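Peer 1: Sequence:
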Amino acid sequence: MNTVKTMLYGWLKHWVSFCFNLANLALGEKLPPFGSAAVVVEEQGRFLVMLLPGGRAVFPGGFMTWREHPREAAEREGREETGLVLEADDLINFYSLATTSWGALSTISFVYHARVRGGQLRAGMEGRPCWLTEGELRQRMDRHSLRVLDDYLRYRQQRCEELSRIKTLVPLVR
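Residue 15 is where the sequence shown starts when you use the working numbering, and the numbers rise one by one after that.
It is worth saying that the hints were derived from the structure and are not from the lab.
These numbers come from a predicted model, not from an experiment.
What you were told as hints is all true, and nothing was included just to trick you.
Across the chosen pairs, the derived CB separations fall in these ranges:
(1) 34 / 135: 28 to 34 Å
(2) 86 / 158: 19 to 25 Å
(3) 108 / 149: 25 to 31 Å
Beta carbons are placed, not taken as given, at the ideal position from N, Cα and C, and that holds for glycine.
All chains, full assembly: derive it from the sequences and hints.
Peer 2: Next comes the structure, spelled out in structure tokens:
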């Protein structure tokens, strides 16, 4: 039954994309791209990802709702897809993906660093959430997701450097 639901969900996503792209064409291609948000969560050398049918790994995320801040969308989508309560903090980067495929949507995506604050890991309609190492991710991610991973690794390095500078500048009080 779960396989049927997943198939129907995938078909519905493609159908919605097709209808939106058809409406966009009819309106002279004036509709804006969809907003989306995702999270990168790293704990103990492993990353929280969604394994999609077919085995591809992506960071938890999805479309923003009307009047929703990207950070709120990232936390909500992370919770909906994984069952975990996440707290997003820093914006890692944003990405613009333009598509010419009738079965996909052009998007502007905001990706945040986040931490787990509670909840229980559980599977959903999108796929199966799990924790993978960087090496495992590099074997399962597409080019866009790998760019997000590399941007996160740069963010993490910069954050570590900033924290070490702060520690050396602040004298200890006794």
